[in-house]
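The listed protein sequences derive, respectively, from chains A and B. Counting with this note's numbering, you get residues 434 to 747 for the letters of the first sequence. Counting with this note's numbering, you get residues 434 to 747 for the letters of the second sequence.
Hints may be right or wrong, so weigh each one.
No distinction is drawn between identical chains; accordingly, a pair holds when it is met within one copy or between any pair of copies.
[Said to hold, decoys possible] Below 27 angstroms or equal to it, Euclidean Cα-Cα: the simulated DSSO-like pairs (lysine-lysine) are:
| hint | residue 1 | residue 2 |
| --- | --- | --- |
| 1 | 592 | 683 |
| 2 | 739 | 683 |
| 3 | 690 | 739 |
| 4 | 485 | 722 |
| 5 | 568 | 530 |
In case anyone wonders, no lab produced these hints; they're calculated from the structure. Keep in mind it's a predicted model, so treat the numbers as computed, not measured.
There are 2 protein chains.
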Amino acid sequence: MPANSRSYAIIGAGALGGFYGARLQRAGLDVHFLLHTDYPHVRLHGLKIESKEGDFILPRVNACGRAEDVPPCDVVLVALKTTQNHLLSSLIPPILKPDSVVLIIQNGLGMEDAVARIVGPGRVMGGLSFLCSNKVGPGHIRHLDYGAVAFAEYSPESKPRGITDRMRAIGADFERAGLDVQLIDDLILARWKKLVWNIPYNGLSVVLNAMTDELMMNPATRELVVQLMGEVVAGAAAVGRTIPDSFIEKMLTDTDKMPPYRTSMKIDYEKHRPMEVEAIFGNPVRAAKAAGKELPKVEMLYRQLKFLDERNQG
Amino acid sequence: MPANSRSYAIIGAGALGGFYGARLQRAGLDVHFLLHTDYPHVRLHGLKIESKEGDFILPRVNACGRAEDVPPCDVVLVALKTTQNHLLSSLIPPILKPDSVVLIIQNGLGMEDAVARIVGPGRVMGGLSFLCSNKVGPGHIRHLDYGAVAFAEYSPESKPRGITDRMRAIGADFERAGLDVQLIDDLILARWKKLVWNIPYNGLSVVLNAMTDELMMNPATRELVVQLMGEVVAGAAAVGRTIPDSFIEKMLTDTDKMPPYRTSMKIDYEKHRPMEVEAIFGNPVRAAKAAGKELPKVEMLYRQLKFLDERNQG
Numbered sequence: 434m435p436a437n438s439r440s441y442a443i444i445g446a447g448a449l450g451g452f453y454g455a456r457l458q459r460a461g462l463d464v465h466f467l468l469h470t471d472y473p474h475v476r477l478h479g480l481k482i483e484s485k486e487g488d489f490i491l492p493r494v495n496a497c498g499r500a501e502d503v504p505p506c507d508v509v510l511v512a513l514k515t516t517q518n519h520l521l522s523s524l525i526p527p528i529l530k531p532d533s534v535v536l537i538i539q540n541g542l543g544m545e546d547a548v549a550r551i552v553g554p555g556r557v558m559g560g561l562s563f564l565c566s567n568k569v570g571p572g573h574i575r576h577l578d579y580g581a582v583a584f585a586e587y588s589p590e591s592k593p594r595g596i597t598d599r600m601r602a603i604g605a606d607f608e609r610a611g612l613d614v615q616l617i618d619d620l621i622l623a624r625w626k627k628l629v630w631n632i633p634y635n636g637l638s639v640v641l642n643a644m645t646d647e648l649m650m651n652p653a654t655r656e657l658v659v660q661l662m663g664e665v666v667a668g669a670a671a672v673g674r675t676i677p678d679s680f681i682e683k684m685l686t687d688t689d690k691m692p693p694y695r696t697s698m699k700i701d702y703e704k705h706r707p708m709e710v711e712a713i714f715g716n717p718v719r720a721a722k723a724a725g726k727e728l729p730k731v732e733m734l735y736r737q738l739k740f741l742d743e744r745n746q747g
Numbered sequence: 434m435p436a437n438s439r440s441y442a443i444i445g446a447g448a449l450g451g452f453y454g455a456r457l458q459r460a461g462l463d464v465h466f467l468l469h470t471d472y473p474h475v476r477l478h479g480l481k482i483e484s485k486e487g488d489f490i491l492p493r494v495n496a497c498g499r500a501e502d503v504p505p506c507d508v509v510l511v512a513l514k515t516t517q518n519h520l521l522s523s524l525i526p527p528i529l530k531p532d533s534v535v536l537i538i539q540n541g542l543g544m545e546d547a548v549a550r551i552v553g554p555g556r557v558m559g560g561l562s563f564l565c566s567n568k569v570g571p572g573h574i575r576h577l578d579y580g581a582v583a584f585a586e587y588s589p590e591s592k593p594r595g596i597t598d599r600m601r602a603i604g605a606d607f608e609r610a611g612l613d614v615q616l617i618d619d620l621i622l623a624r625w626k627k628l629v630w631n632i633p634y635n636g637l638s639v640v641l642n643a644m645t646d647e648l649m650m651n652p653a654t655r656e657l658v659v660q661l662m663g664e665v666v667a668g669a670a671a672v673g674r675t676i677p678d679s680f681i682e683k684m685l686t687d688t689d690k691m692p693p694y695r696t697s698m699k700i701d702y703e704k705h706r707p708m709e710v711e712a713i714f715g716n717p718v719r720a721a722k723a724a725g726k727e728l729p730k731v732e733m734l735y736r737q738l739k740f741l742d743e744r745n746q747g
């Protein structure tokens, strides 16, 4: 990966990829978008970002409808929903240079292992996004809040890998785009910490057809949220990661302060889109089980969501 | 309780009390109904039973709208939903003779303890009903299938009490009414066995808005049903009751053979009636916990149902 100017391929230009890609392009970086449904629109009209940090339009972007048409890039940013990750084995390889980095900004667990089997472990990085945005139309993103990203190196042995030069380089590009960046040494710990919020709220919001504030105000479900968070922390402990109890407290008080929030999984469910059940629920349950720890309530939520997801798709 | 002819007070003349009470009256027994909503109708028009075992009408029944108007009876049959059991402390005492038996035919756990605190433990019996019937209008019961009953003595120490003369006498009355009767020596075991079916199917049918066949056909929920049944069996074991694995197998194959079935709790939920969440879920969870055994998935179902029930009532 070159020390200075890096090129970016963005796979998926939805609420996440569209936002980060547009911000990188606006900052002067060489960005290429690989699109599917929105390709005809974006090729003609570019991207439109509404944001509390300032609206802007990119009337022309490098848009491709096929991976073979994207020039090989230094950073391949995977910004699909994990439910589409079965496409990555055909989408990523045409875009790769020998020293490219594949940066996977997704929720859940285990995505990097699957991509490492495609591109080799040395080219994989994981990313976490703390972004609240929606795609409201083709090439049209509404950025509501937050936007920070965190990057970490992938380790096939699931070990902390420390901060590397290429992390710093990519981090600098995102900072140049005006985004808060955190470089972290332990991808697995970061992914489990994000699950502490994602598992109870995404899962229960779908199963109980509820907004976050409803789950927090009812004592029965508030305690269930705490119990699910406790199981996620226990799952992290089983794979050797310590999440302090104070982190659960922080997630609860942060959520108490949020306005009533419709989780992204609930939005997916309502729109009859596939839910990220395997990445966010199935993989953590299996990872904990492989380490000797059952997560009974998370597993039950996983089974309930699988049922609802299949009926919702069928 | 007299050796020969016994009088019966039926508290609640819905799908269960209306059916059993009408059958007992048709068999020649002295039956009195304590009614609430349906009192004006039943007083004037009696009871109408549609049944695969033969339709019949009782144009005149002894109907009362207040407990004080019911003559003291030898057997007081509690046939309310458990969600109305808070009324029993005012409904039962006026109907009692010194040697009356209060027979509680309800689903769930712990109802007898509460009634024993009102009338004393020596006057309490528990009953289980295997009946498929609906109230389709005031005083109008549709009997669809089954109808067997099982009776057992209550023990404040939760011990098996064996078969007593008064069990035999009441059992003979029900047999005279053409019903299959089973006399059982261990009420607690019988209640937990009934929960093996009631907990997974009633609970999941509400939370997932599903009929029994949907839960059985989807592998994720079928396995969840098995896991929930396993927890109920473990809860029974914690209180000293052995339910063999073959019983779970039988519940599964019986349910596989049933036509698609809408559980009674799902019907209650759809009609915005209170669900029997505490008797069927809360009490077993607490009983197992008091005996040192957590039932994590049953507890999660309990919390989900409490949330749905409160929203559904509110």
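Going down the list of hints, with the structure as the test:
Proximity of residue 592 and residue 683 under a CA criterion of 27 angstroms is satisfied intra-copy only: 26 angstroms inside one chain copy versus 47 angstroms between copies. Only between protomers do residue 739 and residue 683 lie at most 27 angstroms apart by alpha-carbon distance; the minimum there is 26 angstroms, versus 29 angstroms within a single protomer. When the C-alpha separation of residue 690 and residue 739 is checked against a cutoff of 27 angstroms, the pair qualifies only between copies, where the shortest distance is 24 angstroms, while the shortest distance within a copy is 30 angstroms. For a Cα distance limit of 27 angstroms, the shortest separation of residue 485 from residue 722 qualifies neither inside one copy, at 43 angstroms, nor across copies, at 50 angstroms.
Taking identical chains as interchangeable, the C-alpha atoms of residue 568 and residue 530 are never at most 27 angstroms apart, the minima being 30 angstroms within one chain and 72 angstroms between chains.
The structure does not agree with the numbered hints 4, 5 stated previously, though it agrees with the rest.
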